[in-house]
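Enquirer: Using the hints provided, position chain B relative to the given structure of chain A.
Protein chains in written order, with our numbering: chain A, 1 to 299; chain B, 300 to 567.
Possibly wrong hints are sitting among the right ones.
Stated by the list, open to error - Computed cross-link-like contacts, EDC-like style, restricted to lysine to aspartate or glutamate with a CA-CA straight-line distance of at most 20 angstroms:
no., chain 1, residue 1, chain 2, residue 2
1, B, LYS392, A, GLU186
2, B, LYS521, B, ASP549
3, B, LYS517, B, ASP386
4, B, LYS392, A, ASP188
5, B, LYS366, B, GLU332
6, B, LYS517, B, ASP504
7, A, LYS288, B, ASP430
8, A, LYS288, B, ASP386
9, B, LYS521, B, ASP495
10, B, LYS392, A, GLU208
11, B, LYS521, B, GLU332
12, B, LYS392, B, GLU362
13, A, LYS162, A, GLU208
14, B, LYS517, B, GLU541
15, A, LYS162, A, ASP202
16, B, LYS517, B, GLU545
17, B, LYS517, B, GLU362
18, B, LYS392, A, GLU283
19, A, LYS253, A, GLU104
20, B, LYS392, B, GLU332
21, B, LYS521, B, ASP328
22, B, LYS392, A, ASP284
23, B, LYS392, B, GLU414
24, B, LYS517, B, GLU477
25, A, LYS288, A, GLU276
26, A, LYS288, B, GLU429
27, A, LYS288, B, GLU396
28, B, LYS392, A, ASP202
29, B, LYS517, B, ASP552
For the record, the hints were derived by calculation from the structure and aren't laboratory data.
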Amino acid sequence: MNVRSAAGRLSAGMSARTEPAGRPAGDLVAKRRRDAQRRQLNVAGLRVLVAVVFLGGWELGTRLGWIDPFFWSQPSAIFAKLWYWISQGTELGPLWEQALVTMEETVGGFVVGSILGVIIGVALGRSRLLSDVLGPYIKAANAIPRVVVGALFAISLGLDIKSKIATAAVLVFFVVFFNAFQGVREVDRTLIANARILGAGDRQLTTEILIPSALSWIVASLHTSFGLALVGAVVGELFGATQGVGELIYNAKNQFDAAGVFAGMGLLAAMALVAEALITALEDRLIKWRPPVATETRI
Amino acid sequence: MSPAIELHHATKRFLTPSGTVFTALQNLDMAVEPGEFCAVVGPTGCGKSTTLALISGLEPPSEGEVKVFGEPVTGIGEGIGYVFQTDAVFPWKTVLENVAAGPRYRGVANRDAREQARDWLSRVGLSGFEDRYPYQLSGGMRKRVALAQSLINGPRILLMDEPFSALDVQTRSLMENELLGLWAASSASVVFVTHDLEEAISLSDRVFVITAGPGTVKSNYKVDLPRPRNVAEIRFEPRFGEIYQEIWNDLRDEVLVSYERQKRSGAA
Chain A
1 MNVRSAAGRL SAGMSARTEP AGRPAGDLVA KRRRDAQRRQ LNVAGLRVLV
51 AVVFLGGWEL GTRLGWIDPF FWSQPSAIFA KLWYWISQGT ELGPLWEQAL
101 VTMEETVGGF VVGSILGVII GVALGRSRLL SDVLGPYIKA ANAIPRVVVG
151 ALFAISLGLD IKSKIATAAV LVFFVVFFNA FQGVREVDRT LIANARILGA
201 GDRQLTTEIL IPSALSWIVA SLHTSFGLAL VGAVVGELFG ATQGVGELIY
251 NAKNQFDAAG VFAGMGLLAA MALVAEALIT ALEDRLIKWR PPVATETRI
Chain B
300 MSPAIELHHA TKRFLTPSGT VFTALQNLDM AVEPGEFCAV VGPTGCGKST
350 TLALISGLEP PSEGEVKVFG EPVTGIGEGI GYVFQTDAVF PWKTVLENVA
400 AGPRYRGVAN RDAREQARDW LSRVGLSGFE DRYPYQLSGG MRKRVALAQS
450 LINGPRILLM DEPFSALDVQ TRSLMENELL GLWAASSASV VFVTHDLEEA
500 ISLSDRVFVI TAGPGTVKSN YKVDLPRPRN VAEIRFEPRF GEIYQEIWND
550 LRDEVLVSYE RQKRSGAA
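Isolated chain A (complex conformation):
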């Protein structure tokens, strides 16, 4: 009480001194909004500055001969290369086609890996026997650096899209699996008891309690796992492909074309950022029942 009335007096006094008397509350809101806008502008400006300093320093460094452009390339050459790919096409075909192929492989692997991860994670989370029997094998499989399976798939599934989807799916699977498993294990016991008292059978318990409860864990893992799907697709392409951004990078490497490697990397980064935004949108849809987290900036 005291604090509030004191604050009221304070703001009233301040508005009387600095601004025409009237609606101090409205003024405060307007001031907040102005401050927030100014801050956003600041952040945006500083971001541009960081990019300018980094790319400018790089370019300057190569021009002055401190950095060897043969190994490290330079921003102007990278942009020229990108522009060449966009306007003239790459040696594998139009650039958008390469991006599309890699995106298809990534999304395919992401979807297959996530679905398998959720199904098997929930199954093992529900069954003590299954998790006890299979647990050590899954841990062992997880300990292997899994990108090497890309080599296996390149042999068994061929050089087309299937082997890349498989590689990406394997990487995604383990992340989603562990989160789904843990999510099911950590379901609030009271919620289960409540559902059973209300009359839920085993199936309803799984679909209406366990999976929704595990969903916040699973969704949290999707950000990581989409990045891994992209890794899987590109690594798959490195092991052997006829199309895709990974293949572009591989070709550039074989021609000692550092600018090409960097251009491919930039392309992958852009694709990952777009995907990240899509996943955030998906997350908001899937768990709209969760209280919004008060964050100041979203990266």
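Expert: Frame of chain A, contents of chain B only:
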């Protein structure tokens, strides 16, 4: 006519993670008549919640018998409602979906279940909140959702485990009055666990005092206060004070025993 609930020499033991046996209830005898509102009071950790778990069928007794309407309890019973101490409404379901869950689980078509749920929401004063999620409600409103969720199934036995202990005092007496109204309109027997003797007396027809763990019934008292009651005012009746005095004399010893034990285990 057989009692609605009957516990006969019920004993419940748990295996603790360290491998020792913990006896929560020992030779507990208790009978609740159909339509009776009973309160169970006792010191913390005396097995009050375990008693409800036995009646509901969530846990089987280690020894002894638990009967509901003359039938031994073998699993989760049909006619049971349970309001939990902590929030047990489903956070990912809207208020309406939460209340409609019970009928849907019991095979009612989705549309009819929603229709019933709407009706129950208006009875607990939550019309207009159908599409909210639980995190958007206050603690008192979430308790109303929990009540509607349990009552929609038309339970013959309503078990309540310190349901209002997390609410502030004003909300609490409001909810207590509403509970009495809803109970009067049903024919359910209620077992209401609480550590608050005032709450126990103002709500119930009968109060069971449980001993410091392992819990067993020490005594039971009939509360002969007239109904309908207003819980906010009934505590000023002289008869209320007399009953309180009588039960407290009994309860105090158990609370002291439990407190001494806690002190000792805390010191050790």
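Enquirer: When the structure is checked against the list of hints, which entries are broken? Sort them ascending.
Expert: 3, 12, 13, 15, 19, 20, 24
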